[in-house]
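**Q** Model the full assembly from the supplied sequences, consistent with the hints where possible.
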Amino acid sequence: MRTLLLTGIFVAVLPIGCAPFPDGPSEDEAGSTNVNTRLIVESVQVLGRGNVKLSDPLRSDLRSVAGQNFDQTLLDRLADRIKRELHAPEVRMHVVKGDVPDHVIVNFEIGAEREKRFDLDLARFLYHSKQGWSGQGHATVNIHENAFSFGMVSDGDRLNERYAGIEAGFERKHVGTDRLQLRFDFSSYHEQWNQATLIEAAPDDIYRTRTQFAPTATIVILEPLTVSFGVDFARYRLSLPVAKTESSNAVVSTLRYHQRWGSAGDRGEHDVRASYSVRAGTHFLESDPVFARHEAEARYRFRRGHQDLSIGFLAGKISGLAPLFERFVLGNAETLRGWNKFDLDPLGASHVAHGSIDYVYRGFLAFYDTGAVWDRPEEREQKQSLGLGCRKSGFQLAVAFPVRTGVVSPVFYAGMNF
Amino acid sequence: MRLRTIKPWWVIAAFLSGMAFAMWAEELVLSTQESRLEFSAPRVHFLVGKPLERLRNASEVPFVFKITLWSGTRSHLLREVPARFLVSYDLWEEKFSVTKLVTPRRTASHLTDNAAEAWCLQEMAQDVTGISPNEPLWARLEIRAEDSKESGLPFGRGNITDSGISLTSLIEIFSRPAASTQPHWSVETGPVTLDELRRSRRRG
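Line by line, the protein sequences are chains A and B.
Position 149 of the first sequence, counting from 1, maps to 1625 under our numbering, and the rest follow consecutively.
Position 68 of the second sequence, counting from 1, maps to 121 under our numbering, and the rest follow consecutively.
These are computed hints drawn from the structure, not numbers from a lab.
Remember, predicted model here, so these are calculated numbers, not experimental data.
Covered stretches of chain B (chain A as the covering partner; in silico rule of three or more C-beta atoms under 8 Å from a C-beta of chain A):
hint: 1; region: 103 to 117
hint: 2; region: 135 to 142
hint: 3; region: 150 to 162
All residues carry an ideal CB built from backbone N, CA and C; glycine is no exception.
**A** If you want it as structure tokens, here you go:
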């Protein structure tokens, strides 16, 4: 009943939520009212910071402006993009006469870097009609090149447990060289379990608290390829009549690739992200469970004008006996949307395969997910789901339907950055 | 006791200097042209300061004009007429171009700064058909330069990053100068009747 009510609200709210935000001048303001549109851009320069590193698509877009008519809206957008990419407090555009009559030179001047001493981030906020509320926020203090963060989280979506607690971290982005970064993450959570999980799990699978400490180093091998390695020390207190603490200490290694090319204008922008990670719990680190967890993830995104297409792929395998927080979950706000993760596998699984296609046009979102989780090959059953909604500026509002015969049970979710 | 005779030319000089002072002091000047009430503000210059700086940087600067008329008494609002103008400055010709955002659009180009300002005011002229010639009128002209980058959306472009909503970004939005600190000008005049304006036009 509650889901039907939420779906009704969603249907009513969707057209309002998806109404296009004003991205530029209104209809009656469109067109060339600026007399300088007759002038030709002679050259474009980015000034003000010695070692400016812009992405290839942005550099390409800046280059393509030269030779075109002066377009203030386009140049303002480019200034915004430079500001975002460089995290610069201010990017000023200065336009001066060029060397040739009726030509102008455009200079983007990057303001002096003002260190964000203190910042608060609402990193994730989500309401899911099956899993309830999830939220994550951080406060960060920057002292020179060191970032200290402290945050709180309550997440009932990502894993089969609801974990709530504190997170703290330290990061140094340059250790002697731009190619080496260091991170230390600490977290302490209290867990809550769904009844379906408690019924399925063995008594010594369930834990009440979990504490993790993970020092990692990241090396830029060859841009855009990076490798991270480190260890993850986890201690968790089991929910047994006699209090017992176990450790899951794993060697962690991740290879990442992220490349973008093209531009979001006429030709379209392509974005490819891929990663492969291994987590190996070993007796060498005095880990109680011994396991090896492999996960491969890839996402391709293509944007052109108001269209945004995204194709994602996830595969994973765990050998050995991993604790529940390491196991794979499908059926949340990111995977097999529309399915309930507790119906698919209340304990999580040792194998996963998942694919998704998202298409957004002017904020309207349509998606298709397919995937399976299993422990034994005979348990493998492919599930599918479809959904509609809207996505704009990090916010997402959607209703998703599992594709199955019988009862139609939609899932509603709304939030940002998930 | 002997009364000193005041010579007529002293009277004329005093009258003319008084008129001149009144003209100089009056910031919003009304005049009539047939059934139209026209405005001029010789002492108001809005193509100055920050807006002019933006114009000289090839940017287009929107200006919002508003004419408010009261009739009979100061509290009886007759009409409020807003209009929007887009001003730009040709970097090579060093002349202004102004477009009034109405349908169809009206544009004037190759103007000096004073001519561009005067053109905007000329475009604000009002039809006063139906207003009694003896009815006192008050008028106010307000001009405001708009910041083209103000989106008005709390979570507009670029304020949400991959890592979420940043407090610093929100502070930046809300610490922008409030509307009251935008470049703006306001001048008033009245009471005056249409008859008086027509008589002064015939005299003038």
